[in-house]
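*Asks:* Make a model of the complete structure from these sequences and hints.
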Amino acid sequence: MYRIKYMMRNKERSLLLAFISFIFVSFVFLYIDSIERNYRALEDLGKQMPVSICLTDVSGIRQQGLRIREETVDRLGQLDVKDKVLTAESYGNVSANGQDGKKISVFLTASNDASAFLLEPESLSVGMEEFQELLSGDDGKCLMSKEYAKERGLDCQKGDTLELNLYSGKYNEIGQVDGFEKVISTQIEIGGFFQGQVYDSIAAKEPNVICPVEWLRSQYAEAGKQFYFSSVRGTVGNPLQLNDWKAKAKKLAFAPVNSQQPEDISRIALSVDDRNYIQTASKIRKNMEILKVFMVPVFVLLVFLEALVFFLSIHNQKREMFLMRCLGIKRFEIILQLLLEGSLLATIGSVTAMVVLLCAGYGFPAGTWVKVFLSFLVVQLVGSLFSAIVSCGRNVMHIGKTY
Amino acid sequence: MNRIKIENVSYRYQSRYQTTYVLKEVNAQFHSGQFCVIEGKSGSGKTTMLSLLAGLDLPSAGTIYLDGKSYQELDRDELRRKHLSIIFQNYNLFPMLTVQENIAYPFGLTGQKKGNWKERVNEILEGVGLDKTMLKKYPGMLSGGEQQRVAIARTIASGAPIILADEPTGNLDTANSRRIVENLERLSHEDGRCVILVTHDPDIAQRADVLYRMNDGQMIEKQDRTCGEQSIEK
Chain A
0 MYRIKYMMRN KERSLLLAFI SFIFVSFVFL YIDSIERNYR ALEDLGKQMP VSICLTDVSG
60 IRQQGLRIRE ETVDRLGQLD VKDKVLTAES YGNVSANGQD GKKISVFLTA SNDASAFLLE
120 PESLSVGMEE FQELLSGDDG KCLMSKEYAK ERGLDCQKGD TLELNLYSGK YNEIGQVDGF
180 EKVISTQIEI GGFFQGQVYD SIAAKEPNVI CPVEWLRSQY AEAGKQFYFS SVRGTVGNPL
240 QLNDWKAKAK KLAFAPVNSQ QPEDISRIAL SVDDRNYIQT ASKIRKNMEI LKVFMVPVFV
300 LLVFLEALVF FLSIHNQKRE MFLMRCLGIK RFEIILQLLL EGSLLATIGS VTAMVVLLCA
360 GYGFPAGTWV KVFLSFLVVQ LVGSLFSAIV SCGRNVMHIG KTY
Chain B
0 MNRIKIENVS YRYQSRYQTT YVLKEVNAQF HSGQFCVIEG KSGSGKTTML SLLAGLDLPS
60 AGTIYLDGKS YQELDRDELR RKHLSIIFQN YNLFPMLTVQ ENIAYPFGLT GQKKGNWKER
120 VNEILEGVGL DKTMLKKYPG MLSGGEQQRV AIARTIASGA PIILADEPTG NLDTANSRRI
180 VENLERLSHE DGRCVILVTH DPDIAQRADV LYRMNDGQMI EKQDRTCGEQ SIEK
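Chain order of the listed sequences is A and B.
The first sequence: position 314 = 313 (numbering that gives the first Met the number 0), numbered continuously.
The second sequence: position 19 = 18 (numbering that gives the first Met the number 0), numbered continuously.
Simulated from the structure, these hints should not be mistaken for laboratory data.
All C-beta atoms, glycine included, are put in the ideal place defined by N, C-alpha and C.
Heads up, some of the hints might be wrong.
[Stated by the list, open to error] Residues of chain B clear of chain A, computed beta-carbon distances all greater than 12 Å:
| id | residue |
| --- | --- |
| 1 | Ser9 |
| 2 | Asn121 |
| 3 | Glu125 |
[What the hints assert, rightly or not] On the chain A side, residues computed to face chain B include the following (Cβ under 8 Å):
| id | residue |
| --- | --- |
| 4 | Lys4 |
| 5 | Tyr5 |
| 6 | Arg8 |
| 7 | Asn9 |
| 8 | Arg318 |
| 9 | Glu319 |
| 10 | Leu322 |
| 11 | Cys325 |
| 12 | Leu326 |
| 13 | Gly327 |
| 14 | Ile328 |
| 15 | Lys329 |
*Replies:* Okay, here's the thing in C-alpha cells:
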C-alpha cells in the first residue's frame, strides 16, 4: 500500500518514469518502423520500378526479329520471371472461304500478351479484354488488319475462316529474310479487326494478322518444323534477390551482352536493365544499413540510460528502504515492492506509447509489440533489481547519521 | 526482566591494510521498565552498538541475547518488527505518508490494522502531545520537534517492548529535547518498555536509570541509579 501511495503522491517522479518508458518504447518502435519502411520501400520499388529483362542478340542491339529457339525460352523459365511477353513472326498467304484462287500475302505476328502491341482500344473491333483472351489462348483465331484486307480485296467478316498457308522466313548471313519455306496449310478464324496505324512495339515490321503465339507454335510443331520466337521480355520476379537471380542466370549459361560482338540474330544473350532500380535501391539500402549499423549502439545506449534512470530513481529512495528495513520488512519484500512499482510505471508508459503509436497509424505485427514490450520490461527489471539490491545492502544505521 | 544482554561483544572493520576495532569486548544488560542511556563522544561506538542491538548487523565476536536467546538464533527482521523499534536523530518518517499513515504504518506490519485503528492513532498522537489537526499533514509540514514526536508515536504504535533511540534530540532545541526525553521516560516507567537511548548530551545522561559511558569502543563506566550501583567495566 505504501508503494502505491508513494507513486500516487510523488506524481512528478511517477510521471517522469512513465514518460521515460514512453519515450524509450516509442523510440524503439519508430526505429524498427523506419527500418521496415525502408524495406517496404525496397519491395515497392520492385513493383514501381520493375527490373526488366529481355533476350537480345549478343551485341545487345537487337531485341526483336530474333531467332530464339524454344529451348532457350524453356531455360529462361527456370528463372523467376514474371509478366513474360513472347512474340513470334511468320509469313503466309490467305484466302477467304469460297474465294478460291484469290490469295493475299500476310505478315503474322503472334504474341501471348496484348502489351506486345501499341494498340488503342478504339482501333480494335473487339474489347481489350477479349483481345487479351484471344492472345493468351491457343485457339486458331486472329485479328486482321481491316485496311490491309480492304486494300487487297479480301472480302471477309468476323467469324469467317481463312485458308492459310504458313511460311517461315529463310535468313541470310546478315539476318535478312532471303526466301521462304512452307510450314503448313491450315485454317484460322477471324476473331475481329484492327485498324489505323498499328505498331508492334517489338517487331520492326507492321503486322497484317495478329494471332496467339501458342497457336502458331502448335502449327510449327504439327508440321515438325523448328519454331523460333522473335522476342522475349519480362520482369524479374523478386528484385530484392536480384544478385541471386543474376547468379542463377549465369549458371544457366546465357551469353552475356557484349557490344563488341557483331549483330547476330541467332546468338541470344540475356539483357537485364537494372540501372534505375539499382540506383534507387542503393540509396534505400544505404539508409537501411546506416539504421542497422547504429541500431545496436543506439539500443545499448537507450538500455543503459533507461536502466540508469530506474537505478537512480530507486537509489534516491534509500532513506525509505532503510526505514522499511528498520521497521522489520524483509529485504526481498522491499526489493519485490520496488520491482513491482517500477514494472507498473514502465508498463503504463510503454502501453501508452503503444496506444499512441497505434492511433497514429503505426501497425506492427503482434510479435513485434510483445517482443519490444518484454525486452523493455526485462531491462527495466534488471536495472531496478541491481539498484534495489545495492541500495538494500547498506548498513541501515547510517540513515540516522548520513541522510 | 533481563531483556537484552550483551556479552563480550566486539565489532571490527576489516580494511585492506588494517583492522579497526569499533567495539572491544563490551558487556551490558538492559531491563524492561528502565530508561537506559549510553553516553559517549562522537566516534566512541555508540551508533554501532545500537546497530548491533537492532540486529542490523552481527558482532565480530561475542553474543547479544534477547530474553536468553542469541541474535544468531533469531529471525532479525522479525525481531525488529515485533520486539524492537528505532527512533532516529533525523526522525525518518515516510515523507509521502501523512502523520496518521506514518503512525499507523506498524499496524500493517504487525497485523493490528483492524477495527478502530484511527481512534488508536488519535490516542497515541495525543499521548505524545500533538493535536488531531496534525493527522492529515505530511512530515515536511512539521517542525523538527513535532516530527520526532510523530516518530515516537510510531514507536508506540508498533507496540515494541524495546525502544532504541539514536541521538533523538540531536537536532532539537532545549524545550523540544526535554519533551522528547519525557516521552521516552514515560514509555519506560509507565508502559514498562525498555528504552535504550544513545546520546552525547550529559543533561540527558543525568536522567537515565542506567547509564553506560563509552569511549573508544569500550564501556568505561556503568551507573545503575535504581540500586545506586556504580562500576567501571574496564
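*Asks:* Name the hints, by number, that the structure is in violation of.
*Replies:* none
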